[in-house]
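J.: Taken in order, these protein sequences are the chains called P and F.
In terms of our numbering, the first sequence opens at residue 544 and continues consecutively.
In terms of our numbering, the second sequence opens at residue 21 and continues consecutively.
Don't take every hint at face value.
[To be verified] Calculated lysine-lysine pairs in the DSS-like style (CA-CA distance at most 25 Å, straight line):
1. F:K244 - P:K663
2. F:K242 - P:K701
3. F:K244 - P:K701
[Said to hold, decoys possible] Cβ pair distances, simulated, as ranges:
4. P:K663 - F:A69: 19 to 29 Å
5. F:D94 - P:R573: 52 to 62 Å
6. P:A576 - F:G226: 36 to 46 Å
7. F:T66 - P:A576: 28 to 38 Å
8. F:E73 - P:E615: 43 to 53 Å
9. F:Q115 - P:M607: 23 to 33 Å
[Stated by the list, open to error] Not close to chain P: a few residues of chain F, all C-beta gaps over 12 Å, as computed:
10. S88
11. A122
12. D202
No lab work stands behind these hints, which were simulated from the structure alone.
Given the structure is predicted, the values throughout are model-derived calculations rather than measurements.
We put the beta carbon where it would ideally sit given N, CA and C, even for glycine.
Chain by chain, the residues run as shown.
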Amino acid sequence: MSNLQKTTLQLTLIVFTLFLNSCTQEHKSRLEAVNYDQLFNNIKADDGKLYVVNFWATWCRPCMEELPDFLEVNEAYTVNDQYQMILVSLDKSSALQTEVKSVVQTMQIKPDVLLLDDAKRMNEWIPAINNQWSGSIPATALYKNGKQLEFHEGKLTKPELEKLIKKHI
Amino acid sequence: MKNTILALVIVAFASCTNSSSTSEDHTDHADSTTDVQTETAEAPKTGYAIGDEATDFNLPSTTGETISLANYPDAKGFIVIFTCNHCPYAVAYEQRIIDLDAKYAALGYPVIAISPNDTTVVPEDGLASMQTRAEEKGYSFPYVLDEAQDIYPQYGATKTPHIFILNKEDGKNIVKYIGAIDNNYEDATDVTERYVEDAVDALIAGTEIPVTETKAIGCSIKDKREKK
Numbered sequence: 544m545s546n547l548q549k550t551t552l553q554l555t556l557i558v559f560t561l562f563l564n565s566c567t568q569e570h571k572s573r574l575e576a577v578n579y580d581q582l583f584n585n586i587k588a589d590d591g592k593l594y595v596v597n598f599w600a601t602w603c604r605p606c607m608e609e610l611p612d613f614l615e616v617n618e619a620y621t622v623n624d625q626y627q628m629i630l631v632s633l634d635k636s637s638a639l640q641t642e643v644k645s646v647v648q649t650m651q652i653k654p655d656v657l658l659l660d661d662a663k664r665m666n667e668w669i670p671a672i673n674n675q676w677s678g679s680i681p682a683t684a685l686y687k688n689g690k691q692l693e694f695h696e697g698k699l700t701k702p703e704l705e706k707l708i709k710k711h712i
Numbered sequence: 021m022k023n024t025i026l027a028l029v030i031v032a033f034a035s036c037t038n039s040s041s042t043s044e045d046h047t048d049h050a051d052s053t054t055d056v057q058t059e060t061a062e063a064p065k066t067g068y069a070i071g072d073e074a075t076d077f078n079l080p081s082t083t084g085e086t087i088s089l090a091n092y093p094d095a096k097g098f099i100v101i102f103t104c105n106h107c108p109y110a111v112a113y114e115q116r117i118i119d120l121d122a123k124y125a126a127l128g129y130p131v132i133a134i135s136p137n138d139t140t141v142v143p144e145d146g147l148a149s150m151q152t153r154a155e156e157k158g159y160s161f162p163y164v165l166d167e168a169q170d171i172y173p174q175y176g177a178t179k180t181p182h183i184f185i186l187n188k189e190d191g192k193n194i195v196k197y198i199g200a201i202d203n204n205y206e207d208a209t210d211v212t213e214r215y216v217e218d219a220v221d222a223l224i225a226g227t228e229i230p231v232t233e234t235k236a237i238g239c240s241i242k243d244k245r246e247k248k
């Protein structure tokens, strides 16, 4: 093997490793801030998947009460590639790397956590998510192929959440 | 050898491209909000709409008085705010609520703050804690407890803070605005829409209220009748 061939091989392997890494990272759960256009791109994808979207915050007592049930239900469905849960945090943007990250770690949250950092446009995105939503949390919405199939303002029990998912998956 | 490596790279690249294509392919959904409600079953909306007559009440305040809208014969209307001690959104607005009363009570539109939560679920929203908060912050307005939790459902408050502006018309308190105080709970210095001030200013000026309903995130009201 010539030097040139060796260099080419080394470079190729490096590039290959980089690609593999980027792929691996994409499958890890996300924790990031998004605006509402970016959020809609995530939850309204036209890909046949059922998106279970829960609006919550670390300071919200009923949200934290229902979260363990959501995580248990997520465990049961996570193998289904036609299903994805997204937890939309309505904490302050400054809490992303502190309170939110801490809850993600201590509760071993596996679904993607997207902090909706768009407080000034609440009056646009709350009615856009659901016209009947007063803005209280928790709230849960189910989407498939860009359409909202269910919307619930308030806590959901584990059987209620399972029933909604079974109805649409 | 070379061909194998090339194939591997192509496979890796292709799989990456596939997994990231979803969000790129559907940017057109960002503003397509009209289909959101189409398949959604909704419970009928309760509470007041703009133009409805609001009920009066007799509720205990942090100063030991019983507060009623009828106690204010000279008021032209009211800024009724469902708020509480514990909710971070409500806390973020405390100073702005004080400022609203300072500005508008003298102009005929005093603030009446009503704490609606079940105090057995949220003890820090009880009357004793409310009294401490009102004293610490120097509330110039009544801070009352909806202890039977029968007032907030009539108004249709669902969260804290939740504001209802009332205007006295022919002896009735008519709902003129429902929603948020402004458009930035996080940062009072970066507010660009002052919904409550704009509404009360319009009432005082006798002009049309520019925005009569707004939505904002808040802490859900904890009700003792709620399923546990």
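J.: Go ahead and decide if the range 19 to 29 Å is satisfied by the Cβ distance of K663 (chain P) to A69 (chain F).
T.: Given a distance of about 26 Å, which is inside 19 to 29 Å, the answer is holds.
J.: Does the no-contact call for D202 (chain F) survive, Cβ to all of chain P over 12 Å?
T.: With a cut-off of 12 Å, D202 (chain F) comes too close to chain P, as the shortest Cβ separation is near 9 Å.
J.: Could you check that no beta carbon of chain P comes within 12 Å of the beta carbon of A122 (chain F)?
T.: holds (25 Å)
J.: For the pair we were handed, K244 (chain F) and K701 (chain P), check the Cα-Cα distance against 25 Å.
T.: Roughly 21 Å separates the two Cα atoms, so the pair holds.
J.: Does the hinted range 23 to 33 Å hold for Q115 (chain F) and M607 (chain P) at CB?
T.: At 27 Å between Cβs, range holds.
J.: Taking the shortest Cβ-to-Cβ distance between S88 (chain F) and chain P, state whether it exceeds 12 Å.
T.: holds (26 Å)
J.: Can you tell me whether the CB distance of A576 (chain P) to G226 (chain F) sits inside 36 to 46 Å?
T.: holds (43 Å)
J.: Would the pair K244 (chain F) and K663 (chain P) pass a check requiring their Cα atoms to be no farther apart than 25 Å?
T.: violated (32 Å)
J.: Using the beta carbons of T66 (chain F) and A576 (chain P), state whether their distance is inside 28 to 38 Å or not.
T.: holds (34 Å)
J.: Looking only at beta-carbon atoms, does the pair E73 (chain F), E615 (chain P) fall within the given range of 43 to 53 Å?
T.: Hint holds: Cβ distance 47 Å, inside 43 to 53 Å.
J.: Could one say that the CB atoms of D94 (chain F) and R573 (chain P) fall in the range 52 to 62 Å?
T.: About 56 Å separates the Cβ atoms of D94 (chain F) and R573 (chain P), which means 52 to 62 Å holds.
J.: Check the hint pairing K242 (chain F) with K701 (chain P) against an upper bound of 25 Å on the C-alpha distance.
T.: Distance ~20 Å between K242 (chain F) and K701 (chain P) Cα, so the pair holds.
When held up to the earlier numbered hints, the structure conflicts with 1, 12 and fits the remainder.
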